[in-house]
Amino acid sequence: MRMKRLAAVAAVAVLALGVAACGSESETPGTPSGESPLVGKATAGTLKFGVKADQPGLGLQTGSTYEGFDIEIAKIIAKGLGGDPAKNTYVTTVSANREPFIQSGQVDIVVATYTINDDRKKKVNFAGPYYTAGQDLLVPTASAITGPDDLAGKKVCSVAGSTPAKRIKEKYPQAQLQEFDAYSKCVEALANGTVDAVTTDDIILAGYASQAQYAGKFKVVGKPFSSEPYGIGLKLEDKAGCTKINDILKASVADGSYKAAWDATLGKSGTPAPTLDVSKLTNCPA
Amino acid sequence: MDVFSDPANLQLYIDGFLMILKLTGASSLLALVLGLLLAACRVAPVPVLRAFGAGWVHLFRNTPLTLVILFCYFGLYSAVGVEFSEDIHVNNYWLAVVGLSAYTAAFVCEAIRSGINTVPLGQAEAARALGLTFTQNLRLIILPQAMRSVVAPLGSILIALTKNATIAGVIGVAEASNAMKGLIEARGDQTIAIFLVFALTFVALLVPVGYGFTALANRLMVRR
Numbered sequence: 001m002r003m004k005r006l007a008a009v010a011a012v013a014v015l016a017l018g019v020a021a022c023g024s025e026s027e028t029p030g031t032p033s034g035e036s037p038l039v040g041k042a043t044a045g046t047l048k049f050g051v052k053a054d055q056p057g058l059g060l061q062t063g064s065t066y067e068g069f070d071i072e073i074a075k076i077i078a079k080g081l082g083g084d085p086a087k088n089t090y091v092t093t094v095s096a097n098r099e100p101f102i103q104s105g106q107v108d109i110v111v112a113t114y115t116i117n118d119d120r121k122k123k124v125n126f127a128g129p130y131y132t133a134g135q136d137l138l139v140p141t142a143s144a145i146t147g148p149d150d151l152a153g154k155k156v157c158s159v160a161g162s163t164p165a166k167r168i169k170e171k172y173p174q175a176q177l178q179e180f181d182a183y184s185k186c187v188e189a190l191a192n193g194t195v196d197a198v199t200t201d202d203i204i205l206a207g208y209a210s211q212a213q214y215a216g217k218f219k220v221v222g223k224p225f226s227s228e229p230y231g232i233g234l235k236l237e238d239k240a241g242c243t244k245i246n247d248i249l250k251a252s253v254a255d256g257s258y259k260a261a262w263d264a265t266l267g268k269s270g271t272p273a274p275t276l277d278v279s280k281l282t283n284c285p286a
Numbered sequence: 001m002d003v004f005s006d007p008a009n010l011q012l013y014i015d016g017f018l019m020i021l022k023l024t025g026a027s028s029l030l031a032l033v034l035g036l037l038l039a040a041c042r043v044a045p046v047p048v049l050r051a052f053g054a055g056w057v058h059l060f061r062n063t064p065l066t067l068v069i070l071f072c073y074f075g076l077y078s079a080v081g082v083e084f085s086e087d088i089h090v091n092n093y094w095l096a097v098v099g100l101s102a103y104t105a106a107f108v109c110e111a112i113r114s115g116i117n118t119v120p121l122g123q124a125e126a127a128r129a130l131g132l133t134f135t136q137n138l139r140l141i142i143l144p145q146a147m148r149s150v151v152a153p154l155g156s157i158l159i160a161l162t163k164n165a166t167i168a169g170v171i172g173v174a175e176a177s178n179a180m181k182g183l184i185e186a187r188g189d190q191t192i193a194i195f196l197v198f199a200l201t202f203v204a205l206l207v208p209v210g211y212g213f214t215a216l217a218n219r220l221m222v223r224r
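Residue numbers (our numbering), protein chains in the order written: chain A, 1 to 286; chain B, 1 to 224.
Calculated directly from the structure, the hints in this document are not laboratory data.
Errors might be hidden in some of the hints.
Said to hold, decoys possible - Calculated lysine-lysine pairs in the BS3-like style (CA-CA distance at most 25 Å, straight line):
1. B:LYS22 - A:LYS169
2. A:LYS155 - B:LYS22
3. A:LYS166 - B:LYS22
4. A:LYS219 - A:LYS169
5. A:LYS223 - A:LYS171
Claimed, not checked - Residues of chain A clear of chain B, computed beta-carbon distances all greater than 10 Å:
6. GLU35
7. THR46
8. VAL91
9. LYS280
10. THR282
11. CYS284
Beta carbons: idealized from backbone N, C-alpha and C, even for Gly.
Go ahead and model the full structure; you've got the sequences and the hints to work with.
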């Protein structure tokens, strides 16, 4: 009798978990004859963008407003799709929930320092890349560290579970890796001298270095040791939308709005606007 | 499920849970000892000790564990300079153990104090009439009876501690939840499967602990 009851409880638990798992499966909305569903949403002003909320210069949430380069790119896309950028809704995403958010339709488009890679391409569609970042080091201005090879025995900080942290473990195992759950804690530890360097994509580091309270204290080493093409994530089925966004990006380079987006955000740290190579906008499946 | 067929990922998963066990092992011993001392303080005839015990319990029982652990890193280590080891991983492990123990000791103390309250007052009075000192009274008469009645609550605290050990991840201890984050980042296409495996491993670890403590509590119960 006792066993039967246990078995029943176990069955219920498994069912509940099963249902929870189903909840996040994507409902595939039909893409009517070549037109992306994004265009309709843009016209109606209901586009939802997934962005980062804790990365200065890229996607930073202050109160209820978001600002940064990723946000400016989102505005360019909304405008290009025929919508009003002021009507964009921004939703905070973190690295771990970007694919589920796209699949379940909680957001329509993700512009959130989203590196294009093959595993992710199985789940979502990437337009872009709109920027190519590289892993770099942020160190105190007076530091003698000039590149990843100087890290032996040094304490270097990154976010737990992130790609930069993994790369340090694999390629530079002689460095002592301190992991936190957010880059802001790493920068805090760098400011009080507990760690010797912070590592992640150069563009993110530049954002922290340009924050007012750290002005003049840190420098980005400037020797990137990886290549991280940032893409714009959208639903796997939405091939038309992917091509459309690439066209919008091409147009934004031609009319200068891409450069304006950079100058208004990350450009403030003194880094000149990068040249977007439009010939590389080839991620969309044919 | 093919995430775990990759030996590197499997190793990450195993290491994560071994770290949980190591954190729980050290912290539970320290918390038990510290909790006993605090409980003794809280029933002591010396007002300063009573105030110390009460202060500790109120401070740590009502502070989020994440804050306690972060304080161990940014306060104890960064600012005050308490360093257990040159090796960053060993150092972070012990900082986390300090935080977990200090926090859990508050709960252990309160459980033991409630156990002390189940011992009839006449026992303590009789012992005192026989000329036993406070410590003798506690050690020989009160605690042996009190501990028997708090086995089940201590089991619950141990279960909570095991799960709380995942919070050590905020200062970079490579425990299970950090391993899970790493796997999800690497294989975002299998989030649900990874999540289920980690959740069910915790359940599989802790269900026997719960049954074990219930059985032990029944055997040791003082029948009055």
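Going through the hints against the structure:
1. B:LYS22 - A:LYS169: Holds, at about 22 Å.
2. A:LYS155 - B:LYS22: Roughly 24 Å separates the two Cα atoms, so the pair holds.
3. A:LYS166 - B:LYS22: At roughly 23 Å apart (the allowed maximum being 25 Å), LYS22 (chain B) and LYS166 (chain A) satisfy the hint.
4. A:LYS219 - A:LYS169: holds (23 Å)
5. A:LYS223 - A:LYS171: Judged against 25 Å, a Cα distance of about 15 Å means the pair holds.
6. GLU35: At roughly 28 Å from the nearest Cβ of chain B, GLU35 (chain A) sits farther out than 10 Å, so the non-interface label holds.
7. THR46: holds (26 Å)
8. VAL91: holds (17 Å)
9. LYS280: Given that every Cβ of chain B is farther than 10 Å from that of LYS280 (chain A), nearest at about 23 Å, it holds.
10. THR282: Fine: 22 Å to the nearest Cβ keeps THR282 (chain A) off the interface.
11. CYS284: holds (19 Å)
The structure is consistent with each of the numbered hints, conforming to all of them.
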